[in-house]
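Chain order of the listed sequences is F and R.
As numbered in the working numbering, residues 25 to 504 make up the first sequence, in order.
As numbered in the working numbering, residues 50 to 532 make up the second sequence, in order.
These are calculated hints, taken from the structure and not from any lab test.
Heads up, some of the hints might be wrong.
[To be verified] Estimated spans, in silico, between C-beta atoms of each pair: (1) GLY215/F - GLU301/R: 56 to 64 angstroms; (2) ASN242/F - LYS405/R: 37 to 45 angstroms; (3) GLU60/F - GLY189/R: 51 to 59 angstroms.
For every residue, glycine included, the Cβ atom is placed at its ideal position computed from N, Cα and C.
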Amino acid sequence: MTREWEAVIGLEVHLQLKTNTKVWCSCSADYDNSAENTHVCPICLGHPGVLPKLNEKVLDYAIKGALALNCHINKESKFDRKNYFYPDTPKNYQITQFDETYAGKGYVDIKLPSGKEKRVGITKVQIEEDAGKSIHGTNESYINFNRASMPLIEIISDPDMRSSEEAYEYLNTLKSIIQYTEISDVSMEKGSLRCDANISVRKVGDKFGTRVEVKNLNSFKAVAKAIDYEIGRQIEHIENGGTVDQETRLWDEANGVTRIMRSKEEANDYRYFPEPDLVRIVIEEDRLERLKAEMPESKLEKMKRFSETYKIKETDAEIICLDIALADYFEKVATKSKNPQISANWIITEVLRVLKDENKEIGEFAISSEDLGEIISLIGGGTISSKIAKDLFLIKLTDARSPSQIVKDEGMAQVADTGAIESIVDEVLSKNEKMIVDYKEADEGRRPRVLQGLMGQVMKVSKGKANPQIVTELLLKKLS
Amino acid sequence: MENLYSLSAVELKKMLEAKEIKVEDIVNSIYDRIDKVEGLVNSFVELISREEALSLAKIAQENIDNSKARALEGILVAIKNNMVTDGGKTTASSKMLDNYEGVYDATVVKKLKDAGAIIIGKTNMDEFAMGSTTKTSYAGETKNPWDLERVPGGSSGGSASSLAAGEVTLTLGSDTGGSIRQPASFNGVVGLKPTYGRVSRFGLIAFASSLDQIGPMGRRVDDVALMFDVIKGYDDADATSVKVEEESVLTEINNGVKGLRIGIPKEYLEEANDDIKAVINEAVAKYKELGAEIVDISLPHTEYSPSTYYIIAPAEASSNLARFDGVRYGYRAENFDGVEDLYIKSRSEGFGDEVKRRIMIGTYVLSAGFYDAYYKKAQQVRRLIKNDFDKAFESVDVILTPATTGTAFKLDEPKTPVELYLEDVYTIPANLAGLPGLVVPATKVQGLPVGIQLLGKAFDEKTLLRAGKAFENVVGKMELANL
């Protein structure tokens, strides 16, 4: 009996923490729009004689992150030095946590598109420092040290994932969970989230195969593609009689392949040893309790609150709460519109569709929560119809005027004048005598459909502005 | 007027306060002396001009005249060449940093300035504090003022020789395995290696972070105590500095040793030569006369100290010195092909042999497959050595030991690195255990000074200095070297 191949995947995720200052010095961490090498000091440049001093906020943020991932917080841990020469690493060693990390075992529960649920274990989480950035010219290289000694946490998963789909969902869920803690921007684009994948294959039931580490993954989709490629490559290699070597490979996005970066023989010997310039980290119980109390609302808590307070459908709450920024957006729209369920409907169908088409985040969305709330309240107040509201929504995507102003300027307000509507109804009925006969001959079951047809005609003539309720009443009166 | 350059800081302070002298008198006396003897001794790597010193003296004098004198107002001080100052070169006596100018003040430098001290320069040392001769300096050899054909010891050789030669009143040294205490012994001066964590290391160019400590050196125990009061204390910039109750060590310094229990570890005397044994026996006799109680103790793991030290110190050094790579500052090779070549050439050309030797040892002992056998084992032995002291200090207040295996040796005396390493046997244990150690001059053997070492409980420098002062009172003060 031939057994099936199975992939074994573990992910290492680096998150940059958004503290005000760097991890060892008081340099501002807000360097995104700053000139090169302006957020530096003797400490983060590794000048002679300097010493690191742990930014306590970094530890607070790191603990919050680990708590959100259901991790065990170790009372005691230590920092170590990872020694390697690289120009963007000022001290030529990285301060990290090697064998005694501040957080241990945890887990992330993921839900696959099929509805299947799975728990992915977290092996450990460690605090470490970021490096600067090398910029390579044709004949020379430059280094920007603004990022040097920025605080990171590295989240190492158990080798629990079996497909690229699971890895993709793990990353999405992880991102969502961390977003809720507000400790990191978790943006792969901005570089505040980085991911390396460890991939091996085996026949189901066998021991783990030799793993390959894949780097240079620049999006969640790239992670998934690289995993699929690597699984195929390894299986093919083994089936052709080869063996997989423990090596580090780079994902080549343009060509959709992984390429060898270094073999096991070329691997660095990092010569880890305990960092003598820093004392052991001791996390006291009262600190842990304080941080637990300070933890912002989690996704599950928010979902529960949305369905209870706003009475929106649980499935809608789940979709909206996947992204904390979207959840915040929803809350503002619902408050403004005073109609939470309609707000949820609009966000899930209209807003998410536009975001998907334009490949944007809610933060970049053209219509503010204030304006969308106004559009929805215009429907509720009877000023415009749902159909007109959709047109208004599309206009508002590129129009700076307020929704009310657009309605006024473009004459989109609903016509509630019975006399005006009656003349349209009469006009439509006079042109559709066949339908009147049809209506009268139809049984109770078919009548609403014919009525619907006439309604459509009236709305068309009124350019969608006739109040549907008045139209229905008038039609029924005239047809009876 | 007495030669002001030969007086202690405490004496000078009194004279300044009594308006018997002015700060400029001290400056002129010391600079006259420097002009006369520095060419022979070579204590300094950097020295400010007499004019600069005189302008600083003016400020100090104003403070004294306005009764605003601080603890070291108008006292001339020199610091070891591995303590960073904002502006001016700090090179660790290495070619690697020969062009390096600091961009901030070390915490001890700030404290000295805040106490009114006039920092006149930086003293020579072994390259990156690695050595016990000051011969590995890129800035040339320093001579022992007592015999110009002999080493001043090291690595704080210049900090000790400058005191013995009368070129300065107080100095700072740093001590990783004896680098304050061994040169203090060789030059007939007083040197204190404080408890690990008592003095901030911020701004000290690191050799071995878990062992390094900055300490004061002077010609009198009182002076060392005075300077220690200024530099000690918790520093927020140094995570390994310790918060302890900060009281002056001067308050009980004259209380004597009556009833003090002084331990004599048998392991320290087994290997000592007859001269050194005689020095210790003489010291024991004096302490007995002074009313101390002498207790025989054992520190059974002493013999493992050098091997433990020469694993841990190079391991940390190999990592601490990795930042000197020619990329951001310091020496950069002229011609190179790519970044790897830049590293190799800059480091090959910028570091001296002893530094390279220790980087290689350190890299080796931390390597995969060797870590457990060397570094980890060394840390375990280090713990045993510390336990020895903890146990000993249950029954004694202070431990008396030799400071060195002999007196200063000839500059050209051939010694292998291992021979030199083994000579640190008496001083290394205090660094491994993080304990304070004080060397006080005892006598002269064939015209060369030799000191005794007193080891104390962690953060109990007060008792150590009290015991040292009592000893100094009975042996009499060591004169300056005759130059």
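Going down the list of hints, with the structure as the test:
1. Restraint check, GLY215/F to GLU301/R: a C-beta distance of roughly 58 angstroms satisfies the suggested window 56 to 64 angstroms.
2. The hinted range of 37 to 45 angstroms is satisfied by ASN242/F and LYS405/R, whose Cβ atoms lie roughly 41 angstroms apart.
3. Distance hint for GLU60/F and GLY189/R: a CB-CB separation of about 40 angstroms, inconsistent with the stated range 51 to 59 angstroms.
Hint 3 alone, counting from the list given before, is not met by this structure.
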